[in-house]
Structures are given as C-alpha cells and as structure tokens.
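Starting from the known structure of chain A, arrange chain B on it as the hints suggest.
There are 2 protein chains.
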Amino acid sequence: MLVRSYKDVAAVPYAEGVEKRVAIGPKEGAPTFVMRIFDLGPGRSSPYHTHDWEHEVFVLSGEGVLLTEDTEIPLKADDVIYIAPYEKHGLKNTGQGTFRFICLVPLRGEDVP
Amino acid sequence: MLVRSYKDVAAVPYAEGVEKRVAIGPKEGAPTFVMRIFDLGPGRSSPYHTHDWEHEVFVLSGEGVLLTEDTEIPLKADDVIYIAPYEKHGLKNTGQGTFRFICLVPLRGEDVP
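Chains as they are written, first to last, in the working numbering: chain A, 51 to 163; chain B, 51 to 163.
It cannot be assumed that every hint is accurate.
Same chains, same label: a pair holds when it works inside one copy or across any pair of copies.
Said to hold, decoys possible - With a straight-line cut-off of 25 Å between C-alpha atoms, the simulated DSS-like cross-links for lysine-lysine are: (1) K57 - K126; (2) K77 - K126; (3) K57 - K142; (4) K77 - K138; (5) K138 - K70; (6) K70 - K126; (7) K126 - K142.
It is worth saying that the hints were derived from the structure and are not from the lab.
The following block holds chain A by itself, in its conformation from the complex:
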C-alpha cells in the first residue's frame, strides 16, 4: 500500500522541455501497468511515434493537441485519450503554461521513449 501526492515524486528530464514522474511503477511493485505524469513546457511535444502497446491518458491541466496521422485534436483538462497499439501519436503543448497529463502504459511500455 502506498499513498503520496504525485507532486512528491521527483520529476526527471525526459526530452527537451519535458519532464516525467513515475507515480506508480515497477519500483512500487506494479505488476501490470505503470502510471506516469508528464509535464510539457510551452511549445514542447512528446515524441511522435508508434509502438505495439497502448496508451491511456488523462489530461490534468493546460492546453494541447493530440497529433495523429491525419489531424490535430485539441485537448483540455478532464479529457481522456485512448491510443491503440500501432497508432501514430504525439502530444504537444499549445498553451502558455505547462501541459500536464497522466499517461498509463503496460509494463513493457515503460522506459521506452
């Protein structure tokens, strides 16, 4: 059993202008999936890529877009995103402040940028 504010988890650099917190992961004993929290600075993006596992995302704050092969979908707080395996995707901050979201992956998707 573990209870803590995600804000008490150290944020580590992930890409330029992007930080990541692993709130619940292998270190905490998570056997199936991992809860990470990402902060994107203004104008910053997560990698535009594809892989054979899914993402489940919950937007906490800020404004951004989901980049897909065809379009850009606007994102705001309280939005949830399901990205299926093999779907090309990236998330980009289009606002003035931090764009923060929870991004969950199965164990094998953790630590693979």
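Only chain B this time, still in chain A's reference frame:
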C-alpha cells in the same frame, strides 16, 4: 484513437451513493487495463474487500480516507494510491462534497465489485 471528456461518459450506479464511469475499457478496445472514474457521495464508501489484482488510483477531488487492515489514511486531490494484489482496502468519502477518483485495474478486475 479516442478523445473525450470523462464527463461525457455516462455515470452508472455502482453501489448506494456511488457512481462509476468507464472512461477507457474493453468497449474502447483496451487490451491490458481499464480506466474508471468513481464518484462517492458524502459518507459513502467503495466495498471493503480484497482480490488478486492491483489498483492504481489518482484522487481528483474531495476528501476521503483509504481504509486498510490497520488504519485509515487521509486522501486529497493529487494523491496517488497503489494497492497491491491481496491487500484489504476500501475508499470512503469523509468530506461534504463528492469524493472523485480515477481507479485503474487490469482487464480481469473490471466489472467485479
């Protein structure tokens, strides 16, 4: 690819004074784990129980406690909770308003109260 506010997902009764939204689950194609959002009315609890799968929880709003075998741990917005398989647990609303949290489980934990 699916983007929507979790608030646009219909909340369904789960227990007395408890409602549940399945934001991302089997219907959306989730292959590994399920994102549910629970609303507990004042004084209401989720079942105090145990099972062989884990929970990963993110508290969105309100005030509550995590009931464990030994103690009650206070909960507030931005807290994350990891409940390991077989750990006895329940969540209870101790505030005046709604206690709302995201609760993720592996697929086989969905639809088992």
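These are the hints, each one checked on the structure:
When the C-alpha separation of K57 and K126 is checked against a cutoff of 25 Å, the pair qualifies both within a copy, at 20 Å, and between copies, at 12 Å. For a Cα distance limit of 25 Å, the shortest separation of K77 from K126 across copies, 23 Å, qualifies, whereas the shortest one inside one copy, 30 Å, does not. In the homo-oligomer, the alpha carbons of K57 and K142 lie at most 25 Å apart both inside one protomer (22 Å) and across protomers (23 Å), since each shortest distance falls under that limit. With identical chains, the CA atoms of K77 and K138 are at most 25 Å apart between copies only, with a shortest distance of 21 Å across copies and 29 Å within one.
Only within a single protomer do K138 and K70 lie at most 25 Å apart by alpha-carbon distance; the minimum there is 21 Å, versus 30 Å between protomers. Taking the shortest alpha-carbon separations for K70 and K126, both the intra-copy value of 19 Å and the inter-copy value of 22 Å come in at or below 25 Å. In this assembly of identical chains, K126 and K142 lie within 25 Å of each other by CA distance solely inside one copy; the values are 12 Å within and 29 Å between copies.
Violated hints: none; the structure is consistent with every hint.
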